[in-house]
Amino acid sequence: MEEQNENQINIELSEEMAEGIYSNLAIITHSSSEFVVDFIRVMPGVPKAKVKSRVVLTPEHAKRLLSALQDNIERFEEAHGRIKIQNDPPAFPMNFGGQMGQA
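At position 74 of the sequence shown (counting the first as 1) the number is 74 in UniProt numbering, and the numbers step up by one without a gap.
Hints are computed from structural coordinates only; laboratory data are not their basis.
Treat the numbers as computed from the prediction; the structure is a model and nothing was measured.
Heads up, a few of these hints could be off.
[Said to hold, decoys possible] Straight-line C-alpha distance at most 27 Å; calculated DSS-like pairs for lysine-lysine:
1) Lys63 to Lys52
2) Lys52 to Lys84
3) Lys63 to Lys84
[Said to hold, decoys possible] Label pairs and their computed distance ranges (CB to CB):
4) Lys48 to Asn10: 13 to 23 Å
5) Leu69 to Ser31: 15 to 25 Å
6) Asn5 to Arg41: 34 to 44 Å
7) Ile85 to Glu6: 35 to 45 Å
Note that CB positions come from ideal geometry on N, CA and C, so glycine has one too.
Based on the sequences and whatever the hints tell you, model everything.
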């Protein structure tokens, strides 16, 4: 019989969840007891966007997430080069800087 590490957790990932949700905007709000991260998909030419996913975290878990993201970004940049960020954040142009399509 195999001994199972008591600190090990079995995580299941459904097929639907494994597909993920594309997001190109995140809005973070917080209260004294929680952080709320809303993931949004903004589409070119569409002035309205919907929240596609919401994650609610305790402050401790939000800080752990920050640390994990920093660690993963460092490893990504070591393997693939520095991630470039524009100096002036975009003001959410509805055409994403390209030409507007015509019908």
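To see whether the hints hold, each was checked on the structure:
1. Lys63 to Lys52: With Cα atoms ~23 Å apart, Lys63 and Lys52 stay inside 27 Å; holds.
2. Lys52 to Lys84: Within the cut-off at roughly 26 Å; holds.
3. Lys63 to Lys84: 24 Å, holds
4. Lys48 to Asn10: 13 to 23 Å: Given range 13 to 23 Å: violated, Cβ gap about 40 Å.
5. Leu69 to Ser31: 15 to 25 Å: 21 Å, holds
6. Asn5 to Arg41: 34 to 44 Å: 39 Å, holds
7. Ile85 to Glu6: 35 to 45 Å: Check passed, 42 Å falls within 35 to 45 Å.
Consistency with the previously given hints fails for number 4 only.
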